[in-house]
Amino acid sequence: MKKIALSLAVIFSFGIYAFFLKTGEQDASSTAATEPAPAESAGNTAADGGISPSPNTYKDGTFTGKSIDVFYGNVRVSATLKSDRITDIVFLEYPNDNPTSLGKSNGAMPLLKQEAIANQSADVHIVSGATETSSGFMDSLESAMDQAKI
Amino acid sequence: MKRTELVMGMPVIVEIADAHADSAALGSVFEYFRYVDEKFSTYKSDSEISKINRHALPEQDWSADMREVFRLAEKTKLQTENYFDIRKPDGQYDPSGLVKGWAIRNAARLLRAEGFRNFYINAGGDIETSGSAEHGAPWTVGIKNPFNTGEIVKVLEIGNGGIATSGNYLRGNHIYNPKEKEEKLEEVSSLTVIGPDIYEADRFATAAFAMGKSGIVFIESLPGFEGYMIDCTGMATMTSGFERYAK
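Sequence lines, in order, name chains A and B.
Residues in the first sequence are numbered from 1 upward in steps of one, following my numbering.
Residues in the second sequence are numbered from 1 upward in steps of one, following my numbering.
Don't take each hint at face value.
Said to hold, decoys possible - Straight-line Cα separation of at most 16 Å, EDC-like style, residue types lysine to aspartate or glutamate; simulated pairs:
id, chain 1, residue 1, chain 2, residue 2
1, B, Lys247, A, Glu115
2, B, Lys51, B, Asp37
3, A, Lys113, B, Asp65
4, B, Lys39, B, Asp65
5, B, Lys247, A, Asp123
Honestly, the hints are just simulated from the structure, not real lab data.
Please model the complete structure; the sequences and the hints are all you need to start from.
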């Protein structure tokens, strides 16, 4: 069970990279990483120990994705990858806003309010929750990751 | 008047608050979901999608609904940079990720066409609401606690619209493992999206969830959509207009 959860987590992590990178090879600039990954990230990678899949399935570096039509404007991001982990995502194009950095330390979302979740004992008519991730979704994600592989 | 049935492998709950609600109206919704299941289920060998996957049905013989779903899938694929693709690596088509939200929206349109204004349809946690509950009280929608699915962590009043939650509760359970505490900090346990209808809310919830913590910023950038993201530490981040739905 744990193994499945971890592999899902790993797939999830690469999903965004694969998603934005996609055909980055042909379309976009890809530069070698010149800065070490944040200490936190390096620590995490080490903490994974033997559980992680073998490293460097994906290239280190910063990859700029295609400009994506999201229906209300365009989104273009660059993702920085280090030792098979995403260490930063920067929005280069963004509808109705200036470029925004989404570093993991997360001065990230100044406009967005945060709160700790707490149990509400209220009666409700309807409950919204996730059903299990559909297999098509995971298949699609895997196929996208395949394209980001070295 | 309310009814629950298992359709498409999940509990579907329909409640109509209008005074003229009857069991025939409820029945028409479930009948529609069963029709969709018969046509689009990849688990049924005699479904239209299975025939297409067996190359036993030439494209000119596809139903209008099948054509529409393929058209919407193509559109969503383009909008998500090929990320959302109903064509699997083995060449088979599996439109189930799109069909659920589409079917709920169509079922809601069916009820409106029958003259109903106050109802909700909840298929496996993805919901379209219309009007209000009995006595004019707003429909209340609870967001499930991803770490304890018997709990509600937020109560919303949507009025007319769609609300969908993407998540991975399996991973959420790891939050209490101290060894993995740091590791999980950046992960998202659930992302709830409110949109103009359930089809739009569902597909954007799916896409945004896959973006990790950037997903909530993506939702913020979409006019007409609000979101509530719960990370693995139990912290929630909400879009700037979200609180107007919170009770």
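We went through each hint and held it up to the structure:
Distance restraint check for Lys247 (chain B) and Glu115 (chain A): the Cα-Cα separation of roughly 15 Å lies within the 16 Å cut-off, and the hinted pair is therefore satisfied. For the proposed pair Lys51 (chain B) and Asp37 (chain B), the alpha carbon gap of about 14 Å is at most 16 Å, so the pair holds. Restraint check for Lys113 (chain A) and Asp65 (chain B): the C-alpha separation of about 41 Å exceeds 16 Å, so the hint is violated. With a CA separation close to 9 Å, the supplied pair Lys39 (chain B) and Asp65 (chain B) stays within the 16 Å bound.
A threshold of 16 Å between alpha carbons decides the hint, and for Lys247 (chain B) with Asp123 (chain A) the separation of about 12 Å falls inside it, so the pair holds.
Against the hints set out earlier in the document, a violation occurs for number 3 only.
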